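Working from the sequences, and respecting the hints, build out all of it.
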Amino acid sequence: MSKLLPFLRKETPSPEKAPSVRGRPRPHSLMRKEQRKAKRRFRKKALRWGIFAAVAIVSLALVLSFVIPSTLRRPAQQQAKTSLRNFPEVQGTPVPVLSGDHVPERQKVTSYISTPPTGGDHWAIHERWGIYDKPIPNEKQVHNLEHGGVLIQYNPQTVDESTIQHLGEIARNVPGFPCYVLVAPYPNMEQKIALTAWGYILNLEAVDEPQIYGFVRAHLNDGPERVACPPY
7 MSKLLPFLRK ETPSPEKAPS VRGRPRPHSL MRKEQRKAKR RFRKKALRWG IFAAVAIVSL
67 ALVLSFVIPS TLRRPAQQQA KTSLRNFPEV QGTPVPVLSG DHVPERQKVT SYISTPPTGG
127 DHWAIHERWG IYDKPIPNEK QVHNLEHGGV LIQYNPQTVD ESTIQHLGEI ARNVPGFPCY
187 VLVAPYPNME QKIALTAWGY ILNLEAVDEP QIYGFVRAHL NDGPERVACP PY
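The sequence shown begins at 7 in this note's numbering and counts up by one.
Derived from the structure by calculation, the hints contain no laboratory data.
Note that the coordinates shown come from a computational prediction; the quantities given were computed from them, not determined experimentally.
Honestly, I wouldn't trust all of these hints.
DSSO-like, lysine-lysine: derived pairs with alpha carbons at most 30 angstroms apart [what the hints assert, rightly or not]:
| # | residue 1 | residue 2 |
| --- | --- | --- |
| 1 | Lys140 | Lys198 |
| 2 | Lys114 | Lys146 |
| 3 | Lys146 | Lys198 |
| 4 | Lys39 | Lys51 |
| 5 | Lys198 | Lys114 |
| 6 | Lys39 | Lys50 |
| 7 | Lys114 | Lys140 |
Here are the simulated distance ranges between beta carbons [claimed, not checked]:
| # | residue 1 | residue 2 | range |
| --- | --- | --- | --- |
| 8 | Ser105 | Leu210 | 48 to 58 angstroms |
| 9 | Gly182 | Arg46 | 43 to 53 angstroms |
| 10 | Glu231 | Pro193 | 21 to 31 angstroms |
| 11 | Pro236 | Glu111 | 11 to 21 angstroms |
| 12 | Glu111 | Val61 | 31 to 41 angstroms |
| 13 | Phe58 | Ser35 | 29 to 39 angstroms |
By construction, the Cβ of each residue, glycine as well, lies at the ideal position given by its N, Cα and C atoms.
Pasting the structure below:
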């Protein structure tokens with residue numbers, strides 16, 4: 007009977023299959039993926055901050071390299087100014103200046119009254135202010151005197167190295183150094199040390215700080231031509 011009436015059989019419904027989870031990320035996979043993203047974000051952020059910190063450190067170092075030396079120099083410069091004011095002025099020996107014209111460069115002038123010269127004809131160029139270990143031509147240094155310079159010169163054949171170093175230290179203590187100050191050897195002069203300004207000379211046989219500072223105070227930036235000191 008059952009074979010004859012198959013259509014009368016009642017089909018038993020099969021249970022529904024649970025939806026496949028293939029292709030869906032599992033919870034722990036999502037977590038690992040988020041962790042990897044977070045690590046990448048952290049590395050990028052750390053790299054950016056590292057670059058920023060490096061740039062900031064380099065910039066700070068550059069600023070300090072300029073600020074600290076200038077700050078350290080200020081007390082010494084202020085002390086030098088105060089000390090210079092405390093020295094009485096020393097005029098030195100006056101020397102007549104008969105002329106002060108420009109002559110062609112490399113032309114020698116033989117009419118100077120004193121050695122080293124204190125004025126007269128000179129070249130149109132002057133020497134840069136500062137300390138030198140080679141002689142400065144007469145015709146060049148006279149132009150510096152005209153601009154209010156004070157020259158501290160020594161005979162390298164009759165003074166020792168400690169004297170030369172001492173003269174350099176004195177020059178560096180002058181306020182505004184190197185402006186209006188020159189230190190250089192002057193071979194074959196009779197005196198051991200000579201300070202010159204326009205129309206004045208001071209001869210010394212040894213370093214005498216009160217005399218030197220007093221002469222500098224009396225004549226610094228006091229030549230017939232007042233010019234601003236360039237940055238050297």
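Consistency of the hints with the structure:
Restraint check for Lys140 and Lys198: the C-alpha separation of about 16 angstroms stays at or below 30 angstroms, so the hint holds. Restraint check for Lys114 and Lys146: satisfied, since their Cα atoms lie roughly 10 angstroms apart, inside the 30 angstroms limit. Distance restraint check for Lys146 and Lys198: the Cα-Cα separation of roughly 21 angstroms lies within the 30 angstroms cut-off, and the hinted pair is therefore satisfied. Of the pairs offered as hints, the one joining Lys39 and Lys51 holds, with about 18 angstroms between alpha carbons and a cut-off of 30 angstroms not exceeded.
Our distance criterion of 30 angstroms between C-alpha atoms is met by Lys198 and Lys114, whose separation comes to about 24 angstroms. Between Lys39 and Lys50, the direct Cα distance comes to roughly 17 angstroms. Compliance with the 30 angstroms bound is thereby established for this hinted pair. About 18 angstroms separates the Cα atoms of Lys114 and Lys140, which keeps this hinted pair within 30 angstroms; it holds. One distance hint, 48 to 58 angstroms for the beta-carbon pair Ser105 and Leu210, is violated here, with the actual separation near 28 angstroms.
One distance hint, 43 to 53 angstroms for the beta-carbon pair Gly182 and Arg46, is violated here, with the actual separation near 59 angstroms. For Glu231 and Pro193, the hinted distance range of 21 to 31 angstroms is satisfied, since their beta carbons lie about 28 angstroms from each other. For the pair Pro236 and Glu111, the supplied restraint of 11 to 21 angstroms holds, since their beta-carbon distance comes to about 20 angstroms. Distance hint check for Glu111 and Val61: the Cβ-Cβ separation is about 50 angstroms, which falls outside the suggested range of 31 to 41 angstroms.
For Phe58 paired with Ser35, a C-beta distance near 35 angstroms keeps the hint of 29 to 39 angstroms intact.
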